[in-house]
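Protein sequence lines correspond, in order, to chains A and B.
Counted the way numbering that gives the first Met the number 0 counts, the first sequence spans residues 0 to 359.
Counted the way numbering that gives the first Met the number 0 counts, the second sequence spans residues 0 to 270.
It is worth saying that the hints were derived from the structure and are not from the lab.
Ideal Cβ positions, reconstructed from N, Cα and C, are used throughout, including at glycine.
Treat each hint with caution, since some may be false.
For lysine to aspartate or glutamate, the following EDC-like pairs were computed, each having C-alpha atoms within a straight-line distance of at most 16 Å [unchecked claim]:
| id | chain 1 | residue 1 | chain 2 | residue 2 |
| --- | --- | --- | --- | --- |
| 1 | A | Lys-165 | B | Asp-218 |
| 2 | A | Lys-165 | B | Asp-63 |
| 3 | A | Lys-33 | A | Glu-79 |
| 4 | A | Lys-140 | B | Glu-137 |
| 5 | A | Lys-140 | A | Glu-164 |
Which chain B residues stay away from chain A? Per the calculated CB distances, all over 12 Å, these [said to hold, decoys possible]:
| id | residue |
| --- | --- |
| 6 | Leu-45 |
| 7 | Gln-73 |
| 8 | Ala-87 |
| 9 | Leu-126 |
| 10 | Pro-127 |
| 11 | Thr-178 |
| 12 | Met-234 |
| 13 | Thr-245 |
So the derived list for chain B, only partly shown, Cβ under 8 Å to chain A, looks like this [as the list claims (entries may be wrong)]:
| id | residue |
| --- | --- |
| 14 | Asn-39 |
| 15 | Pro-40 |
| 16 | Leu-135 |
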Amino acid sequence: MTSFRLSSLRTFAAALVATALAFTALSPAHAEAKKDFKVGWSIYVGWMPWGYAMDHGIVKKWADKYDINIELVQFNDYIEGINQFTAGAYDGVMATNMDALAIPSAGGVDSTILVIGDYSDGNDAIILKGKDKLEDIKGQKVNLVELSVSHYVLARALENIGMSEKDVTVVNTSDADMIAAYATPDVTAMVTWNPMVAEILKEKDAYNVYDSKKLPGEIQDSLVVNTQTMKDNPAFAKAMTGIWYETMALMSGGDAAAEAAKAAMGEASGTDLAGYEEQLAATKMFYTPEGYIGFTEGNLAELTQFVSKFLFDHGLLGQDATSPDYIGIELADGTVVGNADNVLLRYTTEYAKMAAEGKL
Amino acid sequence: MRRLINRQPDVVVRFGLMLIPFIAVVIAYMIASEARLSANPNDKLLPGWSTIAAAIERMAFLPDQRTGSYLLLQDTISSLTRLGIGVAVATLIGGIFGVLQGLIPYFRATFSAFTGVLSMIPPLAVLPILFIVFGLGELAKVVLVAVGIAPFIIRDLALRTEEIPHEEIIKAQTLGASTWQIILRIVVPQMLPRLIDGVRLSLGAAWLFLIAAEAIASDSGLGYRIFLMRRYLAMDVILPYVAWITLLAFTLDFALRLFQRIAFRWMYRGN
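Turn these sequences into a full structure, and let the hints steer you where they fit.
Quick look at the structure:
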């Protein structure tokens, strides 16, 4: 009896240690100079160049130049990529400014926007079935991915016409099912993004009543990296910046190589060159470092405040947040919007400037 | 014989052994959580107890600021209603089709292959079809639960019906029972407790389908909340919700077993 009890206790102790070890694997990555970097990306018109760069040796070329290894990993689930970044498993991720603020920054992970690749200029749209004015949305059920950029677009649109979210009923709907959902009779209003928008607008009773053209610069699609990792490893930041602008120069060249690159990107995102060009038309790309630097010198402070306010109103800045200014955002010139003692999101143009001056 | 298979732990040891794996998981969580929180006090992946407690208070005991309702209560009611209706419909269909398929050769010849094929279709793979037929509202969620588990219940009950000793059926016939009387007096009374077994076994799958349905299009429910919170990695809300779902599922299973014991005492006679 005693021996059995002891041996089983020993077995359980071993199991306990094993479980503890498994959990320790979850401990955050400690920042230091290192050689291997992992960056997550997902299918979106503005991020397809990253996939192209990975497949066509541009990533390897720059990584070799700085003697590091960079792996770009495609996530089928956009949010899962950001969650992995927040948990510390990834060094960088492609995300919108809004999600960067709501997930890693609100989760205490100091994050830096290294490069803004583009902003949505029509890619996100409110679609009504059989009605052609935004005002008609009043009282309707609106299908969208709750707490996403779509939700933000809806909130901003309602605000602009003097309504609020109380005037509609939001129904959380998976982005993968938007097109099927639109086909059902009880769905009459929807907010979503491309390529779903383009597909849905092919229906003859679908009207685009509001889109992100009216919110220029508010929805930025960026490369977000861990601030500490970036500081400890300038080579990583330089290589990523180099990869991006080389790919941008290639695809904006207007020659046969540019066409081929864009066709490959279109194909990788499930469409073709024409479909991809159509999506690019609704996207304001920053093809040059100067484009991005110029954008950060504009009204970025004002734009970030719209986003902070939305996140605060929906409780996404954390339970301790007492105002939209709870998390400080450092702009490229060093000024801080919001709480200077709690800066967790930063814009930097340091590396874009190096790219502009050809110093990478 | 002093062999391992013959040694029985006494009541106290048995209780202690039962607790050990649970305690091990809790301790492992605490160690890992502590390690992450010391590196980043705002860590969302493995929140500390106080953060979890605050989240429970917020979700369960304080009215939501925007809607004024108690979110956990509201989510639980929505989910249990959907689950209850879905499982009830599946049980009814399963009971009727299972008995008929198990007992009546012509019925079996017609439907046996069909339900067999039907049960192999992964319901989540035909979601777009369910949406187009049943819409995106409450009906579609209930249908997904019912469609998800009914084929299993039918097949299980048909097999149990076939297991009724043929002698019983013959004897009833020699006493002059019609098909209808055999169904009502011999088959159904024996099959009701088996039906409860079938439902108990399919409850896990029912929860899975319910949560999948709520993740896809919904404005309330336990699965809806988990998938919404997942968008910003609010593990402090997700972990208590998972614990709550587990507790609800365990309670449902226990209640069904208890009901079976009370309502069908004859089954337990002799042991």
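Task: Minimum Cβ-Cβ distance from Met-234(B) to chain A exceeds 12 Å - done: violated (10 Å)
Open item on the list: Does Thr-178(B) clear chain A by more than 12 Å, comparing its Cβ with all Cβ atoms of that chain?
Closed with: holds (43 Å)
Open item on the list: Can you confirm whether the C-alpha distance between Lys-165(A) and Asp-218(B) stays at or below 16 Å?
Closed with: holds (14 Å)
Open item on the list: Leu-135(B) was flagged as interface toward chain A. Is the shortest Cβ-Cβ separation under 8 Å?
Closed with: holds (5 Å)
Open item on the list: Is the claim that Ala-87(B) lies outside the interface with chain A correct, judged by CB distances over 12 Å?
Closed with: For Ala-87(B), whose nearest Cβ neighbour in chain A is about 24 Å away, the distance exceeds 12 Å, so it holds.
Task: Whether Leu-126(B) stays farther than 12 Å from all C-beta atoms of chain A, as the label says - done: About 7 Å separates Leu-126(B) from the closest Cβ of chain A, which leaves it inside 12 Å; violated.
Task: Whether Thr-245(B) stays farther than 12 Å from all C-beta atoms of chain A, as the label says - done: Holds, because the least Cβ-Cβ distance between Thr-245(B) and chain A comes to about 18 Å, which exceeds 12 Å.
Open item on the list: Checking one constraint from the list: CA of Lys-165(A) to CA of Asp-63(B), max 16 Å. Satisfied?
Closed with: holds (14 Å)
Open item on the list: Just want to verify: Gln-73(B) was marked as not at the interface with chain A; is every Cβ pair farther apart than 12 Å?
Closed with: holds (14 Å)
Task: Closest C-beta approach of Asn-39(B) to chain A relative to 8 Å, hint status - done: holds (5 Å)
Open item on the list: Just to be careful, I want the Cα atoms of Lys-33(A) and Glu-79(A) compared with a cutoff of 16 Å; is the pair within it?
Closed with: With Cα atoms ~24 Å apart, Lys-33(A) and Glu-79(A) exceed 16 Å; violated.
- [ ] Quickly compare the C-alpha distance for Lys-140(A) and Glu-137(B) to 16 Å and report which way the hint goes.
- [x] holds (14 Å)
Of the numbered hints given earlier, the model fails hints 3, 6, 9, 10 and 12; all others are met.
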